[in-house]
Structures are given as structure tokens and as C-alpha cells.
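A.B. asks: Chains as they are written, first to last, in the working numbering: chain A, 156 to 487; chain B, 156 to 487.
There may be inaccurate statements among the hints.
Stated by the list, open to error - Only some residues are given here: those of chain B computed to face chain A with a beta carbon under 7 Å:
#, residue
1, 289
2, 347
3, 348
4, 349
5, 351
6, 354
7, 385
8, 386
9, 409
10, 413
11, 435
12, 464
13, 467
14, 469
Quick caveat, the hints were computed from the structure, so don't treat them as lab data.
Note that beta-carbon positions come from the ideal geometry of N, C-alpha and C, so glycine has one too.
Number of protein chains: 2
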Amino acid sequence: MSLQTPYLLFLGDAPDMLAAKVALGVKQWRPENCVGQYRMPGCNADCGLPDMGIEEAVAKGAKTLVVGVANRGGVISDPWIDVLKAAIESGLDLAAGLHNRLADVPVLAETARAMGHALHDVRVPDRLYPIASGAKRTGKRLLAVGTDCSCGKMYATLALDAEMRARGRASAFRATGQTGILITGEGVPLDAVVADFMAGAVEVLSPDAPPDHWDFIEGQGSLFHPSFAGVTMALIHGAQPDAMVICHEPTRTHMRGLPHYPIPSLEETMAACLSAAKLTNPAARFVGACVNTAALDADAAAACLADIEARLGLPAVDPVRTGVGRIVDVLE
Amino acid sequence: MSLQTPYLLFLGDAPDMLAAKVALGVKQWRPENCVGQYRMPGCNADCGLPDMGIEEAVAKGAKTLVVGVANRGGVISDPWIDVLKAAIESGLDLAAGLHNRLADVPVLAETARAMGHALHDVRVPDRLYPIASGAKRTGKRLLAVGTDCSCGKMYATLALDAEMRARGRASAFRATGQTGILITGEGVPLDAVVADFMAGAVEVLSPDAPPDHWDFIEGQGSLFHPSFAGVTMALIHGAQPDAMVICHEPTRTHMRGLPHYPIPSLEETMAACLSAAKLTNPAARFVGACVNTAALDADAAAACLADIEARLGLPAVDPVRTGVGRIVDVLE
């Protein structure tokens, strides 16, 4: 999966900022990939990029229109389709991580075929992957794991990569989910890969690299989430992590979507992840905790981080509140 | 995935018995599903079923021709295609677990469409599965797990199911691979399911059942196989096993296909499987070991089983040599 940059970010008629969180993520982490934003009447989101039409974006070098907004009710509306069709006709590829595929909208599929442009539905793998070999690869890798799904793993690895690059080190973020793929323009939509090839897809995602190069691999799921733990296991084995960070949301009481499954402790999650990781990299170790304290006030957040740090004997940070510098210090 | 029975078993031009092992498995475990075998000139395999042509098989009630032979070099040869086409024209569905799909042979696809018959490529899921809920289901379940791939998990669970039914108990074998699906006519080709839906597919495979009913669920892979452990993890979580048997091939020194990965011990494999299983069924426990001693002589096999039994404190059997009665005793 590989998208052409730079992007025109399509915010559509997003009712609020939350609906445009994909666009906001792209702008936050890869502003250099964005020439501007396209907003329709009624749009209440704003990425802080110049508003522009399609022709202006093309003139400024845009190669791909990225749908950075969720479609309500799973419907790609007619007003959206008009804009997306015009974008293809003006020379842009389209990319989206919507639940329904761009390629399943006949007029978009026909226009893209006629114009020779690509429709990237980043929830769907665009190629076949090999079965994992388990062979050790060169370079260094960090994988984010978590007590649950959706607790900040993508944000943590994007922040670690940004901090590492700010220090002048060689590093890359490796996306395993659709938002991460749209942000960086490449990656593997791991949860949509066929079972036998999951670990192999991760091996392809993070290939051999120079000895001092770090790949920061986006985590998925949790070994303690009964719906998705198999994906997490394959990701751990394929990633061969030298280092892991444990991601956690301290106010959550049950696994996402499953009220009858409590959140596991940090310690038992780490023990299970470490045991799995040592199969393909016996040197695997934890280097820190990334805690999403957004639901806590400043004092409670500080106390939470101090408590976790004392319990684990590792730096505990909130990537948003404190940054991840102290974890990168450990890697250096 | 659900096939119509009974079958005509197609042995084609199998050069030896090994090439026809799928047909032999169907005959061994579900003779009541077989009306006869179809052999072409040069066939050196024999299931011990009456040889018959297609018209005779149809007259005897056959509903599906099952390709029970491996195709050499991944090619479905022209002589095969002639027979398969004639079978469809005579009123049979086709089923196969070949690497290349029946549906990708144009003349078979066209004939099946024209005649209104089904082509079952059992390596490929024929429907969408839900995301796993993790909700506890009624009935009892046993799952086979292993130190490695291909160490006798299908055979063990087929034998356990047969023994249980021979004792007049309610039980079913639940297939998770193509050979098992062809044997019983239904199941889930788990290694071909999309990652997010693996555990959900297993929940569908083994639904709610009466309290004293046992499902014997075919195992896949190993938590210690770096290529496939994610599939195994999802299978353990989706199966919610009350009981597990550990399957093992005692002369193997490395993981199948991966010379640089040694075989884990029985004890560490069981500990990892039990830890995973307790997430969705806290009452999970091991009830025995099924050891494939085919590579040992009788004395060595007996010593091997005695050693494992002493180490684990559980019945250790070879399903082929000793039967699985002592494990079923534990379940009763």
C-alpha cells in the first residue's frame, strides 16, 4: 500500500472536529504531505490548512485527495461523490479508509479507470503477502502493545518516530492501520490481511535496515482482547521487536466493546507480550509506558504516571502531555 | 461451508496412496458419506470403496464429487477437467481443497453456472464471519493444540469424536482446515479467514449446544510457530475450550518449515495455551496428550508415552496405536 504525496485533505461536511480526526492526524504528523484542505458547505472542522479547490490543489502539486472524514451511516453521499469524481477528472488519485469502498461506487470506479488514476481503499490489502519466515532482520524495531484496543498505540509510535527524527536519528513509523497508512502514505492494513499471512505482512512492512535505524511499528489490539488477540500475536512475532512500549488508558474498566471482559493489569499484559516477543527476538524488552491520561486532570495525571513509573521501574509518559523524550533517552 | 453428502471420491491418477490422503481420510472417518471411488487410468491409490463411474454414483445417490487427490505441480490437468465437467453435467456438485481453485477453471465455472451446481473450494471461506463477542456458549468443547503444525491435531480430534459417539454420547467434530472440511462436509478454513474475524469464525463454527454435548475442535498451528501463532491464538480464544489435548511428534527437532526454530517443550506449550484459554474460559484444563509415535518402533513408542504420562500426570496416548479411550474416560 503506497500513496502518492502531497495530499489535498477532504474534510467534506464534517459536523465537528472529531468526524475529521483522520485529516487532523495527517496534518499533525505529516504537514509536509498536505497542500491544503477542501471543505464543503456545512463543514465544522478545520485542520488549519489553506482552503482550496481541486484545481488550485493540483496546481500546487497535489497528487492524492485523502478522505479525512468519516462518512455518516456508512453512506458515501451524492455531494461527496460529485467532489471525488471531479478530483479524479482533474488528475488526483483518491485514498480513503471508509467502511465502504471507493471502488464500490460505480461512477468513481469508472472515472478512475478512464482517467488512469488509483482508488486506494486503505482498509483492504492491495497485494499478497508471504508466510512469515521468522528470520531475524537487521536494524532496530520498537512495537507498541497495549492493555486494550484504541488506547494510544498509533499516537505513541508516531510521537516516538517524530522525537527520534528531531534528534537527527534514522527512524520510520510503520503503519498497521488505516489512519496510520493515510498519515504516512504507506503500510499494511493488518486486520484485513488473511490469517496465514499476518506475520509475513509485518515482516514485509519492516524490512532489513541499517543497524542504527529504528522502525516504530504501530500496535494493534491486545493479547487480552478476545476478538483480536490473534492479530496482536502475529504482529508481535512479525515485528521481532527489540523494544516495546506498553500503552494504557487508566480510566477504562473493561475491554473495548466487551463489558464482560475487565482490563488486564499492566504487569500481566507486559509478561504475556514479552513471552511472545522472545520467540522471534530473545533480546526483546520493555522500555517504557505510554499512558493516555486525557480523562484525568493535571494532578491526577501526574500521580498516575508516577505510580506506573514506580510500579514498572520504567519511564511512564503521556505522549500528549509530557512527550516521549524520556523513552527515546532509553533507546539511545 | 457446507457440502451435500454422500460423495463420490475422485482419486484421479494418484501415483501412490499418499497423494490420495484426503480421500483416504474421508473413507476412514466418514465411510457413510461415500458411495464409491472414481479412478482414472494409472491410479495407484485405493480407498477400498467400490469403483464406479459418474452415472452409477449419481444413481446411488451421490450429491458431490470430492477431489480427494493432490494435483501435481498445482495444475488441474485436462484429463481431470474432462471428468469434473462430466460430473457437473450429470448433476453433482464439486468440492476440492486444491491450491488452485475449481472456480478459476473457466469450463468448470461455466458448466456449474449453467447447471446450477456448486463448486466448493474449501480453502476459501464462502461467507463473512462476525467479530468475536467472547460471550460464553453452552455445551462442552475440547480443542487440540500442539507443539508444532502438522503433528496430528486433526486425527486426534476425529478419533476423540468417534470414540465419544461410539459410547453413545452427543458429540461433533468441528473442522478448521480443508481436509477436515472435506471429511465432514462442513467447517471453517481458518487460515484463509480475514484477521479481524478469525475468533468470530470459530465462535460460529462451534455454537451453543446442549450441556452434555462435546464439540471436538480441530487445532491449527502452534503458539510457538512464528508464522502461524496468531491463528492459533484466535482459535484458542474463539473455541473457549473446557478441555485441551496437547499434540506432539516426539522425533521432530525444529518447527515445521523453520530449521532455526526448535520445538518447544510440552510443558511450556501447555502453559502458554492454558494462559490464553483462560481468558475466554477460566475453567480450561488439559485432559491428555496425543503423541504421534509413527516414527518410533513399538518399544520406543511405549517408553515415550510412559515418559510423557509421568511428566504431565495426564493420560498420554497415540491415537493410531493405542486409541484415545483413556482421554475420553477423563472427559466422562
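A.B. asks: Holds or violated: is the Cβ of residue 386 of chain B closer than 7 Å to a Cβ in chain A?
C.D. replies: holds, 5 Å
A.B. asks: With chain A as the partner, please determine if residue 348 of chain B meets the hint condition of a C-beta pair closer than 7 Å.
C.D. replies: holds, 5 Å
A.B. asks: Double-check residue 464 of chain B for me: the hint is only fine if its C-beta lies closer than 7 Å to a C-beta in chain A.
C.D. replies: Residue 464 of chain B check fails; min Cβ-Cβ to chain A is 27 Å, beyond 7 Å.
A.B. asks: Given residue 409 of chain B as an interface hint, is the shortest Cβ-Cβ distance to chain A below 7 Å?
C.D. replies: violated, 11 Å
A.B. asks: Can you verify the interface hint for residue 349 of chain B: is its Cβ closer than 7 Å to any Cβ in chain A?
C.D. replies: holds, 6 Å
A.B. asks: Given a cut of 7 Å on the nearest C-beta pair, is the interface hint for residue 435 of chain B held or broken against chain A?
C.D. replies: holds, 5 Å
A.B. asks: Under the criterion of a CB-CB separation shorter than 7 Å, is residue 467 of chain B in contact with chain A as hinted?
C.D. replies: violated, 20 Å
A.B. asks: Answer holds if the nearest beta-carbon of chain A is closer than 7 Å to that of residue 289 of chain B; otherwise answer violated.
C.D. replies: holds, 4 Å
A.B. asks: Restraint: residue 469 of chain B near chain A, CB-CB cut 7 Å. Satisfied or not?
C.D. replies: Where the cut-off is 7 Å and the nearest Cβ of chain A is about 23 Å from residue 469 of chain B, the hint is violated.
A.B. asks: At a threshold of 7 Å, is the proposed contact between residue 413 of chain B and chain A supported by beta-carbon distances?
C.D. replies: holds, 5 Å
A.B. asks: Interface hint check: residue 351 of chain B, Cβ to nearest Cβ on chain A, cutoff 7 Å. Holds or violated?
C.D. replies: For residue 351 of chain B, the interface hint holds, since the closest Cβ of chain A sits about 4 Å away, which is under 7 Å.
A.B. asks: Against chain A, is residue 347 of chain B within 7 Å by beta-carbon distance?
C.D. replies: holds, 6 Å
The structure fails hints 9, 12, 13, 14 (numbered hints given earlier, in ascending order).
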